[in-house]
Amino acid sequence: QKEGVSQLMAMLVEDLNKEMAQSEVKERDSQKEYESFVKDSAAKRELDARSLTVKEGAKAGLEVELQKSVQAKKAKVQEVAAMTDILKTLHEECDWLLANHDARKEA
1 QKEGVSQLMA MLVEDLNKEM AQSEVKERDS QKEYESFVKD SAAKRELDAR
51 SLTVKEGAKA GLEVELQKSV QAKKAKVQEV AAMTDILKTL HEECDWLLAN
101 HDARKEA
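Everything in the sequence shown is counted per this note's numbering, starting at 1 for the first residue and increasing by one.
Honestly, the hints are just simulated from the structure, not real lab data.
All C-beta atoms in this analysis are idealised placements derived from N, C-alpha and C, irrespective of residue type, glycine included.
Warning: the hint list may mix true and false statements.
[Unchecked claim] FRET-style restraints, in silico, Cβ to Cβ:
#1 T53 to E14: 57 to 63 Å
#2 A49 to V13: 33 to 39 Å
#3 M11 to A49: 29 to 35 Å
#4 G57 to V80: 31 to 37 Å
#5 M83 to R50: 35 to 41 Å
#6 G61 to E27: 37 to 43 Å
[Said to hold, decoys possible] With a straight-line cut-off of 27 Å between C-alpha atoms, the simulated DSSO-like cross-links for lysine-lysine are:
#7 K44 to K68
#8 K39 to K18
#9 K74 to K88
#10 K74 to K59
#11 K44 to K32
#12 K44 to K59
#13 K73 to K59
#14 K105 to K88
#15 K26 to K39
#16 K55 to K39
#17 K76 to K88
#18 K32 to K59
#19 K55 to K68
#20 K26 to K2
#21 K55 to K44
Start from the sequences and build out the full structure, keeping to the hints where you can.
Written out as structure tokens, the structure is:
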């Protein structure tokens, strides 16, 4: 019966050694995957940071362009308002001339 116990103990030790070996292989593989993940994440963060910098620069440029466009629109609106006043005045003068044409012709 001692031999059976010894064989059983030997089998348990052997199984334990196999499990430990498998665990070590899994741990190494997991470590490699983790290192690869960290490396990929760092590369993605760097790429995202560059992209963000480019986009911020583009946004700043577009904001300047927008401000210029708003100012140009404001100037055009003022110009149109001035032209409208000129046309109104001209129209009033023409109406007066037409209304008083006969009286002026006689004079």
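Hint-by-hint comparison with the structure:
no., hint, result
1, T53 to E14: 57 to 63 Å, "holds, 59 Å"
2, A49 to V13: 33 to 39 Å, "violated, 53 Å"
3, M11 to A49: 29 to 35 Å, "violated, 56 Å"
4, G57 to V80: 31 to 37 Å, "holds, 35 Å"
5, M83 to R50: 35 to 41 Å, "violated, 49 Å"
6, G61 to E27: 37 to 43 Å, "violated, 51 Å"
7, K44 to K68, "violated, 36 Å"
8, K39 to K18, "violated, 32 Å"
9, K74 to K88, "holds, 21 Å"
10, K74 to K59, "holds, 22 Å"
11, K44 to K32, "holds, 18 Å"
12, K44 to K59, "holds, 22 Å"
13, K73 to K59, "holds, 21 Å"
14, K105 to K88, "holds, 25 Å"
15, K26 to K39, "holds, 20 Å"
16, K55 to K39, "holds, 24 Å"
17, K76 to K88, "holds, 18 Å"
18, K32 to K59, "violated, 40 Å"
19, K55 to K68, "holds, 20 Å"
20, K26 to K2, "violated, 36 Å"
21, K55 to K44, "holds, 16 Å"
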